[in-house]
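*Asks:* Sequence:
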Amino acid sequence: MDLKPCPFCGGEVHRVGGDDDTSHDIECDGCAYTFYDISVGNGWWNTRPIEDALRAEIAWLTAYIAFKDKQITNQANTIEGLWNKHPEDAPKDIECDPEMPEL
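First residue of the sequence shown? That's 1 in the numbering used here, and the numbers climb one at a time after it.
Keep in mind that the hints were calculated from the coordinates and are not lab data.
Cβ coordinates follow ideal geometry from the N, Cα and C atoms, glycine included.
A few of these clues could be false.
Restraint-style ranges between C-beta atoms, simulated for each label pair [claimed, not checked]:
#, residue 1, residue 2, range
1, GLY10, LEU82, 51 to 61 Å
2, ILE50, PRO87, 11 to 21 Å
3, THR47, VAL16, 28 to 38 Å
4, ALA53, GLU12, 22 to 32 Å
5, PRO91, PRO5, 34 to 44 Å
6, ARG15, THR73, 47 to 57 Å
7, ASN74, ASP25, 25 to 35 Å
8, GLY30, PRO91, 52 to 62 Å
9, GLN75, THR34, 52 to 62 Å
10, GLU80, CYS31, 50 to 60 Å
11, ILE50, ASP2, 14 to 24 Å
12, CYS31, ASP2, 14 to 24 Å
Derived DSSO-like pairs (lysine-lysine); straight-line CA-CA distance at most 30 Å [said to hold, decoys possible]:
#, residue 1, residue 2
13, LYS85, LYS70
14, LYS92, LYS70
15, LYS68, LYS85
16, LYS68, LYS92
Work the whole structure out from these sequences, hints included.
*Replies:* Have a look at this one:
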């Protein structure tokens with residue numbers, strides 16, 4: 001079983017002692033921290049609940065931003081189409097907020 005990197009420094013880790021996949025000491029090559037009597041066989045070492053939750057939230061936010069971006073684009077196209085049909089209704093002087101970044 002491959003081991004995830006050290007949760008402290010992100011360095012590579014390796015097993016020390018033990019002949020099977022049950023329990024080992026795990027040492028980090030990056031920060032030299034030793035994790036004692038770690039259950040490797042049941043997948044405990046590779047469990048990162050906070051990272052998994054953050055990755056899920058990032059995926060949701062990315063999808064939400066893409067959805068909102070599509071909505072905004074559709075609304076902008078609708079407004080532009082209306083202004084093209086009825087140019088007399090289009091604003092004559094639109095001032096942009098100088099603090100607003102370009103999209």
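*Asks:* Please go over all the hints and tell whether each is borne out by the structure.
*Replies:* For each hint, the structure was consulted:
Between GLY10 and LEU82 the beta carbons are some 52 Å apart, a value that agrees with the proposed interval 51 to 61 Å. The given range of 11 to 21 Å is broken by ILE50 and PRO87, whose C-beta atoms sit roughly 54 Å from each other. The beta-carbon spacing between THR47 and VAL16, approximately 20 Å, falls outside the hinted interval of 28 to 38 Å. In this structure the supplied range 22 to 32 Å holds for ALA53 paired with GLU12, their Cβ-Cβ distance being about 24 Å.
Remark: the range hint 34 to 44 Å for PRO91 to PRO5 is contradicted by a beta-carbon distance near 55 Å. Under the hint 47 to 57 Å, the C-beta atoms of ARG15 and THR73, about 52 Å apart, fit the expected range. Between ASN74 and ASP25 the Cβ separation comes to about 57 Å, which falls outside the hinted range of 25 to 35 Å. At about 58 Å, the CB distance of GLY30 to PRO91 agrees with the hint of 52 to 62 Å.
For GLN75 paired with THR34, a C-beta distance near 57 Å keeps the hint of 52 to 62 Å intact. Checked against the hint of 50 to 60 Å, the C-beta distance between GLU80 and CYS31 comes to roughly 56 Å, which is consistent with it. Here the CB-CB span from ILE50 to ASP2 is close to 20 Å, well matched to the stated 14 to 24 Å. Checking the proposed 14 to 24 Å range against CYS31 and ASP2 shows it holds: the Cβ atoms sit about 19 Å from each other.
Proposed proximity of LYS85 and LYS70 is supported: the alpha carbons are some 23 Å apart, at most 30 Å. Of the pairs offered as hints, the one joining LYS92 and LYS70 holds, with about 26 Å between alpha carbons and a cut-off of 30 Å not exceeded. For the given pair, LYS68 sits about 26 Å from LYS85 by alpha-carbon distance, which is consistent with the 30 Å threshold. With a C-alpha separation of about 27 Å, the suggested pair LYS68 and LYS92 falls inside the 30 Å cut-off, and the hint holds.
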